[in-house]
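Participant: The chain contents come next:
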Amino acid sequence: MAQVTATDVIVQDAERRTRSWVWAILNFSQRNPVGALSGLAILAIVFVAVFAPYVATHHPTEYADFSALREAPGSAHWMGTDDIGRDLYSRVVHGARISLFVALVAVLVGDLIGAAWGVASGYIGGRLDIYSQRFLELLMSFPTLILAMILVLAMGAGVWTVIVAISITRIPLSVRVIRSVTLSVKENAYVDAAQAIGASSGRVMVRHIAPQCVAPWLVLATAHLGSVIILEASLGFLGVGVPMPTATWGNMLGGPVAAGLIPRWWMVVFPGLAITVTVLAFNLFGDSIRDALDPKLRGRT
Amino acid sequence: MQKYILRRVLLAIPAIIGLTIIIFLVMRILPGDVLTVMFGEEGTLQLSEEDRARIIASLGLDKPIYLQYVDWLKDIVTLKLGQSFWRSDTVMDLIINRGPITLEIAVFSVILSWLIGLPVGILAAMKRNTPFDYAGRFFSILFLAIPNFWLGTLIVLTLVLTLEWKAPLGVINLWEDPWANLQIIWGPALVLGIGQAAYICRMARSALLETIHEDYIRTARAKGLAERLVILRHALRNAIMPVITLSGVLLGFLIGGSVAVEQAFGVPGLGRTLVAAFFERDYVVIQNLVLIYGLVFVLTNLLVDISYAWIDPRIRYS
Chain G
0 MAQVTATDVI
10 VQDAERRTRS
20 WVWAILNFSQ
30 RNPVGALSGL
40 AILAIVFVAV
50 FAPYVATHHP
60 TEYADFSALR
70 EAPGSAHWMG
80 TDDIGRDLYS
90 RVVHGARISL
100 FVALVAVLVG
110 DLIGAAWGVA
120 SGYIGGRLDI
130 YSQRFLELLM
140 SFPTLILAMI
150 LVLAMGAGVW
160 TVIVAISITR
170 IPLSVRVIRS
180 VTLSVKENAY
190 VDAAQAIGAS
200 SGRVMVRHIA
210 PQCVAPWLVL
220 ATAHLGSVII
230 LEASLGFLGV
240 GVPMPTATWG
250 NMLGGPVAAG
260 LIPRWWMVVF
270 PGLAITVTVL
280 AFNLFGDSIR
290 DALDPKLRGR
300 T
Chain B
0 MQKYILRRVL
10 LAIPAIIGLT
20 IIIFLVMRIL
30 PGDVLTVMFG
40 EEGTLQLSEE
50 DRARIIASLG
60 LDKPIYLQYV
70 DWLKDIVTLK
80 LGQSFWRSDT
90 VMDLIINRGP
100 ITLEIAVFSV
110 ILSWLIGLPV
120 GILAAMKRNT
130 PFDYAGRFFS
140 ILFLAIPNFW
150 LGTLIVLTLV
160 LTLEWKAPLG
170 VINLWEDPWA
180 NLQIIWGPAL
190 VLGIGQAAYI
200 CRMARSALLE
210 TIHEDYIRTA
220 RAKGLAERLV
230 ILRHALRNAI
240 MPVITLSGVL
250 LGFLIGGSVA
260 VEQAFGVPGL
270 GRTLVAAFFE
280 RDYVVIQNLV
290 LIYGLVFVLT
300 NLLVDISYAW
310 IDPRIRYS
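Chains as they are written, first to last, in numbering that gives the first Met the number 0: chain G, 0 to 300; chain B, 0 to 317.
No lab work stands behind these hints: they were computed from the structure. Keep in mind that a hint or two might mislead.
Covered stretches of chain G (in silico footprint by chain B; criterion: 3 or more residues with CB under 8 Å from a CB of chain B, positions within the stretch not fixed) [to be verified]: (1) 99 to 111; (2) 191 to 200; (3) 232 to 239; (4) 277 to 288.
Lysine to any residue pairs mimicking SDA-like chemistry, simulated, CA-CA at most 25 Å apart [said to hold, decoys possible]: (5) K2(B) with I129(G); (6) K73(B) with L137(G); (7) K126(B) with K2(B); (8) K2(B) with Q132(G); (9) K126(B) with Q132(G); (10) K185(G) with I196(G); (11) K79(B) with I15(B); (12) K73(B) with D290(G); (13) K79(B) with K2(B); (14) K2(B) with R133(G); (15) K62(B) with P99(B); (16) K126(B) with R30(G); (17) K2(B) with L208(B); (18) K62(B) with K185(G); (19) K126(B) with I196(G); (20) K73(B) with F134(G); (21) K79(B) with W113(B); (22) K62(B) with M154(G); (23) K126(B) with I28(B); (24) K185(G) with S131(G); (25) K222(B) with V248(B); (26) K126(B) with R236(B); (27) K126(B) with K185(G).
C-beta atoms are modelled at their ideal positions from N, C-alpha and C, and glycine is treated no differently.
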């Protein structure tokens, strides 16, 4: 009789889990090839961002070849050089780092705060709900970009202040979505049951309401990633984002415009393409996440 | 209807007051003092004690904070919005001179977005899963991802390289020289229009596809109405509501976007003035222009809400 040891069970369990993961991914890609492709593209961009120093050929800010100003793309500089001879390819690669970092952290922070707030506001209701609704409406009466601009101005320009400013612009949007999910989840009988056996409000919110909000939150957060990347780039373009000389895609596009210089085509095309491809990948991936998590919405918008 | 409008207007008032409070507070929590923000750290050290006091007084910052706020509210009500620190222009001058250009850009872009987005969306829905539909969807997804300021910069660059185009230097108003004025605004209006058209096309397509399955559409078809009329007379009426709503939601996109696109085209509108004020740390100008942008946003949202109620009677009574 074969003996089954505890290790065997653990190994089998792990194998089964990996297999189910692989299977889920394969299944997803078969049903949603666009989603799978955009997911791959995101992985590639994340790889470039994480390993930027190895992927880049030069240092993004310290390297500047004054004998090769505004040089067209070629074998020495794959995407050409900018006005002061910095290597554009390396700057685009390092720009991915800033863009993704800002976008991920801002969306996580802003949307998580928004989600917690939304659950509390929807579940507790009453005065908290009314006051927080009024307050968030105020935040929403600024156009996003302008709100982000004055917040960065108030806090001083830097990577972290840009992140804080952008995440603040996310809060009202996610509160609104998660609050409405909470309001409908709250009506379920199992919530009443939990209350009846004496669960505290905090426990009901964390154990019973929040899990129901995970799927809509994921849809919301992936949708926000694309728009946040554009927002960060806009701030950089306007010269009020992460300060120069840090290589960000927005800074690279805005620098020559602010200086009143006419840029060469490669200085405009490559950073812009980087933004577009990244945002496109996130948007398409977000759409397929939504289709996968919320079949009711499939095919809409 | 009048009751609804009154209620909506009354709701806008606290929003506007809140707007002034938030802007005021944000401008007061600037790190360090205003002088550092305006002149930089070294610049501030070079100022003499009297200079500092004089500048602080000229900005009205020597008074207690609640008085500063009351003063600002008085300024707003009397439309004396103070003066640029670096230039002779008053904020009202800036708004009167540059505002119309931004307004024109906004209006033209909304018209363009409907002219492009709606027909493409309707046709895509009618010819579902044909190459036309795929092309429409492809371009709308693409244009959602293209940052509008990049599209603007690309257009400017192409014009500069091919036609030796130059950025407009001054403000030219529509009533002075319509043709020259149009040359200034068409670029930003086009870029912002395409950006919104992408959203509108997607929404029009999906809203129409949803309406097409309704019973009354089947009835309209069954009585032998031409498909074109079924769509235009019956389906579109209900499908248009979410599109109008979206167009209202896009106002935020439009107002924020116009700032970046004006900068890309070098158009002397309000947005570019705002960006310049940020660069120069022109305290008074920033505070008041941000208020104007917020006000326009709140008021246009109000108009959009009222227009829904006008189009859809169900809203008035809910």
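Participant: Does each hint fit the structure? Answer for all of them.
Facilitator: Hints, verified against the model:
no.: 1; hint: 99 to 111; result: violated (count 0)
no.: 2; hint: 191 to 200; result: violated (count 0)
no.: 3; hint: 232 to 239; result: holds (count 6)
no.: 4; hint: 277 to 288; result: holds (count 4)
no.: 5; hint: K2(B) with I129(G); result: 23 Å, holds
no.: 6; hint: K73(B) with L137(G); result: 21 Å, holds
no.: 7; hint: K126(B) with K2(B); result: 43 Å, violated
no.: 8; hint: K2(B) with Q132(G); result: 23 Å, holds
no.: 9; hint: K126(B) with Q132(G); result: 42 Å, violated
no.: 10; hint: K185(G) with I196(G); result: 16 Å, holds
no.: 11; hint: K79(B) with I15(B); result: 18 Å, holds
no.: 12; hint: K73(B) with D290(G); result: 52 Å, violated
no.: 13; hint: K79(B) with K2(B); result: 33 Å, violated
no.: 14; hint: K2(B) with R133(G); result: 22 Å, holds
no.: 15; hint: K62(B) with P99(B); result: 35 Å, violated
no.: 16; hint: K126(B) with R30(G); result: 24 Å, holds
no.: 17; hint: K2(B) with L208(B); result: 35 Å, violated
no.: 18; hint: K62(B) with K185(G); result: 50 Å, violated
no.: 19; hint: K126(B) with I196(G); result: 56 Å, violated
no.: 20; hint: K73(B) with F134(G); result: 24 Å, holds
no.: 21; hint: K79(B) with W113(B); result: 37 Å, violated
no.: 22; hint: K62(B) with M154(G); result: 23 Å, holds
no.: 23; hint: K126(B) with I28(B); result: 55 Å, violated
no.: 24; hint: K185(G) with S131(G); result: 19 Å, holds
no.: 25; hint: K222(B) with V248(B); result: 37 Å, violated
no.: 26; hint: K126(B) with R236(B); result: 19 Å, holds
no.: 27; hint: K126(B) with K185(G); result: 42 Å, violated
In this structure, the hints that do not hold are numbers 1, 2, 7, 9, 12, 13, 15, 17, 18, 19, 21, 23, 25 and 27, in rising order.
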